[in-house]
Amino acid sequence: MELTVNKGLAWLKTINEKIQEKKDYLTDLDQAIGDGDHGINMARGFQEVEKKVEANDYADVSDLLKDAAMTLMSKVGGASGPLFGTAFLKLSMSLKEKDPVDYPSFSTAVGAAAEGIKQRGKAGQGEKTMVDVWVPMAEYLQNAQEFKPDELETKAKSAMEATKEISAKRGRAAYLGDRSIGHLDPGSVSSYYIFAALAETLQERK
Amino acid sequence: MVNVGVVLISHSPKIVEGIKEIIRQVNKDVPIALAGGTDEGEIGTNIDKIITAIEEADSGKGVLLFFDIGSAKMNAEMAVEMSEHEQVKIAEAPLVEGAYVAAVEAGIGKSMEEILQTLHKNF
Ligand SMILES: Nc1ncnc2c1ncn2[C@@H]1O[C@H](COP(=O)(O)OP(=O)(O)OP(=O)(O)O)[C@@H](O)[C@H]1O
Ligand SMILES: [Mg+2]
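Chains as they are written, first to last, in UniProt numbering: chain A, 1 to 206; chain B, 1 to 123.
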């Protein structure tokens, strides 16, 4: 795997594509166990990210992801803004001076991002938040020897689906407690799109 | 007199406007800055708005932040980390009562530490 500035740009654009396409679905998920703004928040935020990164030139992947992070923090709103903002900021910091980015550096960076989300949200695994996708993905990447896009996508999907069976302990859904069981966590679904977009972008044939 | 400033953070612009009205009935001097809603005035919270409010409320004696539900505290924490102002603290107290108590104390010249102690005792 090799993540260049161009691939990074393609990754961000693919995330935006997916989020715009699933905007209403994400909002429906959030309506069930939250305040129903997740799709709107994410669509607004990633639209702004695309606008921002299109208008600039980047020396390396780290710079690119930093701009994405700052845009997410100020434009997404909600809890997911500071959380995804922190995730991308940690990716950026961890990938400083690494260009192009290779597989070991990338898995370390995802580890830092997962840790960042946990700290920012004061959340642990199993509390029905996006942590339930980021932590298993960081572990998976660290244990896998090489980058396998299809496997990455499958892992992210099953981590996301597993949030359905658990009870929320953090975020808006926590107010519902066990009534949140049976519903997917919206932030985990959008985290899945982020990893799915990565897998798509880094497919060899692309 | 220089007073400790108060920043009100809520998902709703109307909530913070209302609290400010309640406080202004009893005190006209304490700096109160509002960070209600998103940058488009919708329901939510926004880091940039909070940072701007911290700047507005700081007259040299420090600033206390009050927040409501969900992401408000998380965004307040990020804003404190990102803001260049030194004496900025997040108050762990209910938004309406906490901000009211803090403003009254700030109005009689109490320091940040003193106000935080009062809040700690009361809530
Ligand atoms: N404390 C937390 N730690 C980790 N993730 C969290 C936390 N709180 C919320 N989340 C994630 O954020 C998602 C919700 O994002 P959304 O954009 O809808 O914000 P929100 O909860 O509506 O914010 P707000 O509290 O401002 O209304 C959840 O599905 C969950 O994955
Ligand atoms: Mg929401």
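Source of the hints: derived by calculation from the structure; they are not laboratory data. This structure is a prediction, so every number in the text was calculated from the model and none was measured. Misleading hints may appear alongside valid ones.
[Stated by the list, open to error] Calculated lysine to aspartate or glutamate pairs in the DMTMM-like style (CA-CA distance at most 25 angstroms, straight line): (1) A:Lys-122 x B:Glu-77; (2) A:Lys-51 x B:Glu-40; (3) A:Lys-22 x B:Glu-77; (4) B:Lys-73 x A:Glu-54.
Straight-line Cα separation of B:Lys-73 and A:Glu-54 no greater than 25 angstroms? violated (32 angstroms)
Holds or violated: A:Lys-22 to B:Glu-77, with C-alpha atoms at most 25 angstroms apart: Violated, at roughly 30 angstroms.
Starting from A:Lys-122, check that the Cα of B:Glu-77 is at most 25 angstroms away, please. holds (12 angstroms)
Would the pair A:Lys-51 and B:Glu-40 pass a check requiring their Cα atoms to be no farther apart than 25 angstroms? Holds - the C-alpha atoms of B:Glu-40 and A:Lys-51 are around 18 angstroms apart, at most 25 angstroms.
The structure fails to meet hints 3 and 4 from the earlier list, while all remaining hints are met.
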